[in-house]
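Letter by letter, the sequence shown follows residues 90 to 253 of the working numbering.
Derived from the structure by calculation, the hints contain no laboratory data. For every residue, glycine included, the Cβ atom is placed at its ideal position computed from N, Cα and C. A portion of the hints provided could be inaccurate.
To be verified - Pairwise CB distance ranges (calculated):
| # | residue 1 | residue 2 | range |
| --- | --- | --- | --- |
| 1 | Asn-233 | Leu-154 | 16 to 26 Å |
| 2 | Ala-130 | Trp-219 | 30 to 40 Å |
| 3 | Ala-217 | Gly-146 | 36 to 46 Å |
| 4 | Ala-134 | Ile-180 | 32 to 42 Å |
What the hints assert, rightly or not - Using 30 Å as the maximum straight-line C-alpha spacing, the simulated DSBU-like pairs for lysine-lysine come out as follows:
| # | residue 1 | residue 2 |
| --- | --- | --- |
| 5 | Lys-96 | Lys-166 |
| 6 | Lys-95 | Lys-240 |
| 7 | Lys-133 | Lys-240 |
| 8 | Lys-95 | Lys-133 |
| 9 | Lys-95 | Lys-234 |
| 10 | Lys-95 | Lys-166 |
| 11 | Lys-240 | Lys-96 |
| 12 | Lys-166 | Lys-234 |
| 13 | Lys-234 | Lys-133 |
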Amino acid sequence: MFNWYKKVVFENYANFNGRARRSEYWYFTLFNLIFSVITMAIDKALNLEIGLNTVYGLAVFIPGLAVAFRRLHDIGKSGWLLVIIYLAMIICAAVMVGASLSALSGVASPEGFGTGVIIAGVVVFGLAIWLLVMFCTNGDVGENKYGPDPKADGSEDISQIGVE
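Hey, can you work out the whole structure from these sequences and the hints?
Shown next as structure tokens:
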């Protein structure tokens, strides 16, 4: 399992081409979460505001983005769709923050505040669920326009363990 993480971080650090299997994406995500929790705990124990977690996050940002691009390629979608979704999420978050600050400072009336925040929140939630579904979708069988099927390379498939 850890080999998938090492493959993403060390072998495919900034590789935005080709395809990534679900196992490659999700094992990277699992170990990324584990290492993030560990580095946050170390930062907290050492009372660091900007510490290991920040450095770790910056170090794995590019490989995380690259494996997400390749994961979308595996289901026949452009990786640029991820950029569009992230930009939409950032815009919605900015609307939520802006509406909150306007309402708190008295610049805008609180009546309109709730509607904008609710709409932006629903949009962000919907995009996150849609992205989750895409990352969980089985890849295209055989070659697609982004490259050969990564399952056809003879690498270990966890669903085949114990099958003769």
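Evaluated hints:
no.	hint	result
1	Asn-233 x Leu-154: 16 to 26 Å	holds (20 Å)
2	Ala-130 x Trp-219: 30 to 40 Å	holds (32 Å)
3	Ala-217 x Gly-146: 36 to 46 Å	violated (19 Å)
4	Ala-134 x Ile-180: 32 to 42 Å	holds (36 Å)
5	Lys-96 x Lys-166	holds (22 Å)
6	Lys-95 x Lys-240	holds (18 Å)
7	Lys-133 x Lys-240	violated (41 Å)
8	Lys-95 x Lys-133	holds (26 Å)
9	Lys-95 x Lys-234	holds (26 Å)
10	Lys-95 x Lys-166	holds (25 Å)
11	Lys-240 x Lys-96	holds (15 Å)
12	Lys-166 x Lys-234	holds (9 Å)
13	Lys-234 x Lys-133	violated (46 Å)
Figure legend: structure checked against the earlier numbered hints; hints not met, in rising order: 3, 7, 13.
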